[in-house]
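*Asks:* Got chain Y; can you put chain Z on it based on the hints?
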Amino acid sequence: MKSLRLGTPFLLLLPAIVVLLATVALPLALSFYSSLTPFKLTRPETLWVFVGARNYVNAFTDPVFWAAFGRTVLLLTVALNLEMLLGLGLALLMERVTRGQRLLRTLMMFPMMFSPILVGFQFKFMFNDNVGLINNALQSLGITDAAIPWLINGTLAFIAIVTAEVWSSTPVFAILILAGLLAMPREPIEAAKVDGCTPWQSFRYVTWPFIMPFAYIAMTIRSLDVGRAYDIVKIMTDGGPARRTELIWTLVARTAYSDARMGAANAMAYASIALSIVFTVYFFRKLAAARTQIAAEW
Amino acid sequence: MTRNESSRIWGRLAAVAHAVGLGLALLVICLPGVWIVLSSLRPTVEIMAKPPVWIPRQLTLEAYTSMFGAVGQGGVPVWDYFRNSLIISVTSTVIAIAIGMAGGYAFARFRFRGKSAFFLGLMLSRTVPGISLSLPLFIIYARLGIIDTHFALIITYVALNVPFTIWLIDGFFRQVPRDLAEAAQIDGCTRWQAFWQVEFPLAGPGIASAAIFAFMTSWNEFALASQLTRSVNSKTLPVGLLDYTSEFTIDWRGMCALAVVMIAPAFALTFVIQKRLVAGLTFGAVKG
Chain Y
0 MKSLRLGTPF
10 LLLLPAIVVL
20 LATVALPLAL
30 SFYSSLTPFK
40 LTRPETLWVF
50 VGARNYVNAF
60 TDPVFWAAFG
70 RTVLLLTVAL
80 NLEMLLGLGL
90 ALLMERVTRG
100 QRLLRTLMMF
110 PMMFSPILVG
120 FQFKFMFNDN
130 VGLINNALQS
140 LGITDAAIPW
150 LINGTLAFIA
160 IVTAEVWSST
170 PVFAILILAG
180 LLAMPREPIE
190 AAKVDGCTPW
200 QSFRYVTWPF
210 IMPFAYIAMT
220 IRSLDVGRAY
230 DIVKIMTDGG
240 PARRTELIWT
250 LVARTAYSDA
260 RMGAANAMAY
270 ASIALSIVFT
280 VYFFRKLAAA
290 RTQIAAEW
Chain Z
0 MTRNESSRIW
10 GRLAAVAHAV
20 GLGLALLVIC
30 LPGVWIVLSS
40 LRPTVEIMAK
50 PPVWIPRQLT
60 LEAYTSMFGA
70 VGQGGVPVWD
80 YFRNSLIISV
90 TSTVIAIAIG
100 MAGGYAFARF
110 RFRGKSAFFL
120 GLMLSRTVPG
130 ISLSLPLFII
140 YARLGIIDTH
150 FALIITYVAL
160 NVPFTIWLID
170 GFFRQVPRDL
180 AEAAQIDGCT
190 RWQAFWQVEF
200 PLAGPGIASA
210 AIFAFMTSWN
220 EFALASQLTR
230 SVNSKTLPVG
240 LLDYTSEFTI
250 DWRGMCALAV
260 VMIAPAFALT
270 FVIQKRLVAG
280 LTFGAVKG
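Residue numbers (numbering that gives the first Met the number 0), protein chains in the order written: chain Y, 0 to 297; chain Z, 0 to 287.
Bound conformation, chain Y alone:
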């Protein structure tokens, strides 16, 4: 009976362990090994040549790699901050709605149903310089006569990609922060009002600390999946024009499949995995800290 008790959870988890070992852990081990070889898809025998850290050294001394890496970090920072701010704003607007809040919440979840590839397509269509909604609107309103080359100019394309990213992920923040606002006890705010706090002060020192954990849950969920920005960029610009919107993920895909340099691509892929893990762990720890703070104060 005793051995059965020890064995049951393990048996129940066994299928999950097997699947994850076979399709995540083992492949990652292989990809780590192949990042130490000059492996090319066109020449399979190169998988057995060991070159040590040469791929990593090459990647880390390549300005193209650092440009893509820096741009990825910039995109994530700008997008996550904007999503956080807009999500907070949206949640505060929604909280004050008295009638039809459920319908509005459903509408608010609308972008979450779109797959990243669809989000990318949709904004590719809207930002198109010739038939796009945005240029058409700007021209009809007489703001500009020229067709703004949204996806052709490097900076504008970056803005377009950030817009797509923010549009698709703001609802995640809004819904979780709204859940936090609705769960918040009323008394502390009343007390702050009685004590003569301005609305800003009571928001900053009462509401804000309370909804922090909810915001960090959203951040953590979101950072688990940062790599999906690849889909959006792939369909909108494919890293172009002339690599001005190249992110680390499009660079990995290009090196691996267009240039067939699998070894080098795997080295870069490890850099991208490290990036995701750093983002996730960072927010996870922030989440834990915010939770203990709340627990201590309330």
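Just so you know, these hints were derived from the structure itself, not from any lab. Bear in mind that the values here come from a model prediction, so they are computed numbers and not experimental data. All residues carry an ideal CB built from backbone N, CA and C; glycine is no exception. Mixed in with the good hints there might be a few duds.
To be verified - Selected chain Z positions facing chain Y (Cβ under 8 Å, derived; list incomplete):
#1 21
#2 29
#3 105
#4 111
#5 125
#6 135
#7 138
#8 241
*Replies:* Chain Z alone, transformed into the frame defined by chain Y:
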């Protein structure tokens, strides 16, 4: 102006500002989707017109009929992609839920060594970006000869979905009080019977929403599918959508129609879980 009056005016102004802000936000949220649906129903000349035509003059279902016609619009075999997407998403969801139920139950009901480390490992396996994971999978699947098969994508999506399903289902089983199953066991059920007749029905709505979540992940996945599929044998809809853009002239209307076809199941399912989730959360069987 008395103080009373001015504060009433300020209150009214704040209400108006609130309504305007909310309206603008909802416009930004909904407009892109509405625009896609509208564009799929308009003749191409209207989409391309300069100066732009804002109010549609005629609406047709031509894009849809030609898309699902014999060869498909512009030679893109939409039916095949749709079938592949459906087979792959449904199968991988069923398997992922079965595995996730076992794993989630283990997490919710048992204490064992290395539990939190194991949970962390699950989450970390989810952080690997799809495109990075696709490289070694491509090498392995090519060696095994299962590139461009349903099987390859199904097994990959199962792995993609297992961590999150375990997380969600763990939470739903935790909400079912432990006493219920114990009471059933005292009444003579085996543990197996107690699970299926007491705990499973109670956690059912939650499990259903986890299933829908998994289905949507598989249905929407692109980074892995774009590398692990090659032909109509296994290409899914997201990969098919990209086929349209690689043509010389982009058929905006056709792409919009395909986008609507892709979003429709997700739209329907989200409405279904909303109702079931509310039902599931208000399903208190034991009080106190």
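*Asks:* Checking each numbered hint in turn, tell me which of them this model violates, lowest number first.
*Replies:* The structure breaks none of the hints.
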